[in-house]
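Chemist: Make the full structure from the sequences, and use the hints.
Number of protein chains: 2
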Amino acid sequence: MPEPVDPAAWSCPLPLRDHDRVMIGHGGGGRLSAELITHLFLPAFGVEPSAVLHDAATVDLGGQRLAFSTDSYVVRPLFFPGGSIGELAVYGTVNDVAMAGAQPIALSTGFILEEGLPLDVLGRVATELGKAAQRAGVRLATGDTKVVDAGMADGMYINTAGIGLIPEGVDIRPTRATPGDRVIVSGSIGLHGIAVMSQREGLEFGTQVRSDCAPLAALVSVMLDACRDLHVLRDPTRGGLAASMCEIAESGAVGIEYDEAAVPVPSEVAAACSILGLDAISVANEGKLVAIVPDRSVDAVMAAMTAHPDGRDAVVIGDVTADHPGVVVARTAFGARRILDLPLGEQLPRIC
Amino acid sequence: MPEPVDPAAWSCPLPLRDHDRVMIGHGGGGRLSAELITHLFLPAFGVEPSAVLHDAATVDLGGQRLAFSTDSYVVRPLFFPGGSIGELAVYGTVNDVAMAGAQPIALSTGFILEEGLPLDVLGRVATELGKAAQRAGVRLATGDTKVVDAGMADGMYINTAGIGLIPEGVDIRPTRATPGDRVIVSGSIGLHGIAVMSQREGLEFGTQVRSDCAPLAALVSVMLDACRDLHVLRDPTRGGLAASMCEIAESGAVGIEYDEAAVPVPSEVAAACSILGLDAISVANEGKLVAIVPDRSVDAVMAAMTAHPDGRDAVVIGDVTADHPGVVVARTAFGARRILDLPLGEQLPRIC
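Quick note, the sequences are listed as chains A and B, same order.
Taking the working numbering, the leading residue of the first sequence gets 1, the next gets one more, and so forth.
Taking the working numbering, the leading residue of the second sequence gets 1001, the next gets one more, and so forth.
Think of the hints as simulated: they come from the structure by calculation, not from any bench.
From a predicted model like this one, the values you see are computed outputs, not experimental measurements.
Treat the hints loosely; a few may be bogus.
Here are the in silico distance ranges between beta carbons for each label pair [stated by the list, open to error]:
| id | chain 1 | residue 1 | chain 2 | residue 2 | range |
| --- | --- | --- | --- | --- | --- |
| 1 | A | T178 | B | H1039 | 48 to 58 Å |
| 2 | A | P325 | B | D1229 | 50 to 60 Å |
| 3 | A | A322 | B | R1200 | 17 to 27 Å |
| 4 | B | R1200 | A | E48 | 35 to 45 Å |
| 5 | A | Q134 | B | D1259 | 17 to 27 Å |
| 6 | A | P167 | B | D1225 | 34 to 44 Å |
To be clear about the criterion: a stretch of chain B counts as covered by chain A if any three or more of its residues have a C-beta under 8 Å from a C-beta of chain A, and this derived list gives those stretches [to be verified]:
| id | region |
| --- | --- |
| 7 | 1095-1109 |
| 8 | 1123-1130 |
| 9 | 1160-1174 |
Heads up, incomplete: computed chain B residues facing chain A, CB under 7 Å, no partners named [unchecked claim]:
| id | residue |
| --- | --- |
| 10 | I1024 |
| 11 | V1074 |
| 12 | K1146 |
Beta carbons are placed, not taken as given, at the ideal position from N, Cα and C, and that holds for glycine.
Modeler: Structural data, given as structure tokens:
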């Protein structure tokens, strides 16, 4: 007679994370990425963990504070409904700078091109990148181009790094989330991830889902006018809103509770997610932000956001709590509660 | 009877540069790279040509001047005698910042990793990168990691962007080369390019050639102490000393004349070049600089350089002249003169 099954005693003989090689998930912005940073890069670099928890680093510069951030873009395909790698390379990085409360000033662009890439394709991407920089009000200050052998680099990879000045009195960082704060999302989520995915896999969902990629610094600016004391800003890219909230809860050692029904998920994203077996809250965005705002300022911030074209669909989705520090809890429509876990890797790899 | 051959009337029916696809040479830092920038990137970005002629851009930031530069590193192999892609990724970028006279402050690192790369290899590169940052006195402020499919990215590509403050009164840029100025090289050339090439191709030249990759900001600092009015600094990486001098002559609309015999070419580099059919003056370096210095200050600058470990082999190799603007002329040991042309691409691709 077989022994009774005791799931609590199960252990995996080959834990997923006990690996000696780079896996796709290491680049997904989830728990594997975090482990790579904590266990490999930080010890190798001799850098304090606190320095890397934010979208952008703060650099002191002769009495001023500079926000400094970088991202590489390896999105497949290069063009998707609503955008291209060119827009992403601008908005992805200037948005990280904006998440420190800074207005982006200058951007560097590093192109890694595949030998044989049609110059026409490069020209289209560069034109979109140039237009996006204009829209974001950021100067393309410096650049570099490398060419690698045919068969490498999927056409092209782009890296950008951005800098901006943090206004005096602004102190936005993940560790400032405080019990009693409110959680705001600036608009509908999941559009970017689903747009790229559907293009890549040739999926059609009736209505076409278009990426929402857009610059966020103008929205941040009106939010700061309404409340200089914003506590945390984050743009939920890889790993989506789920990863952003989990990281905020973890770095601030606070709990977050949110209403699942309050999260603005467009019907076409919900439909695509249910076909693909994805959770919209973990799907990447590139024109949305999540803000942790002191309760006393939430009305002023919401008024400023909903009056701005980039934040007109903003909603309060939840609260920061002293309970269950480090853990994000979803309140479902049926009154149940479930724990939201930081994704291990990325539901949709190569999304940015 | 065939017509007499008249080479002067020859023209190429398919000029090398009349192409519609990216070629390896577009990433080589030579004339093809310059054409790509001028004819594709600048019009697409809507950026003034003058903005991109320097190793680093200058960004005004609330009354201060910031030097800002980026480079992607796609070197093959990842490790070579005297260094690795880790050191290159630091020194290559901080040296570009230093060429504006700035002391580098912060660096961003963007890793693009190939799925399946042994974490051990990544760990070694990250450790070397961390050590190099310490040696260069620059903070690794912010980073990003992406993973691409197996078979891409040659193990890894790294992009770094660096920022530094330009001291007051310092105005170093290619257009400041003035007839009468002297041309200084900080030490022996060609070591980095030959070291990478020999490792990649499995060549042996009796004595092992080691890359000279090293940070240059400390040397620049003592040079500025000796002469605040340095006109131009350039680190002769891709395209070597030849490309640097041609670009300075072109952007300053001045001529440059130099003594071929004065250029410090180590015997092992000369030997390797003669076997490989290369010209040492076009081979990449990564720990050397070329300086255009007012004649009245040349003794002070040379004294400061030769007293510093990174510049002890510095030599004056030539002069800036009002003759033949835009053209660099080599004076050979036999009293002849020859025009030095900007290389079309790169003698040794994928060198940084």
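Chemist: Hint by hint, say whether it matches the structure.
Modeler: Here's how the hints hold up against the structure:
1. A:T178 <-> B:H1039: 48 to 58 Å: holds, 54 Å
2. A:P325 <-> B:D1229: 50 to 60 Å: Between P325 (chain A) and D1229 (chain B), where Cβ atoms are some 58 Å apart, the hint holds.
3. A:A322 <-> B:R1200: 17 to 27 Å: violated, 58 Å
4. B:R1200 <-> A:E48: 35 to 45 Å: holds, 37 Å
5. A:Q134 <-> B:D1259: 17 to 27 Å: violated, 48 Å
6. A:P167 <-> B:D1225: 34 to 44 Å: The hinted range 34 to 44 Å holds for P167 (chain A) and D1225 (chain B), with Cβ atoms some 35 Å apart.
7. 1095-1109: It holds, with 4 qualifying residues against the three required.
8. 1123-1130: holds (count 5)
9. 1160-1174: holds (count 3)
10. I1024: holds, 5 Å
11. V1074: Nearest chain A Cβ about 5 Å off; hint holds.
12. K1146: With a minimum Cβ separation of about 4 Å from chain A (threshold 7 Å), the hint on K1146 (chain B) holds.
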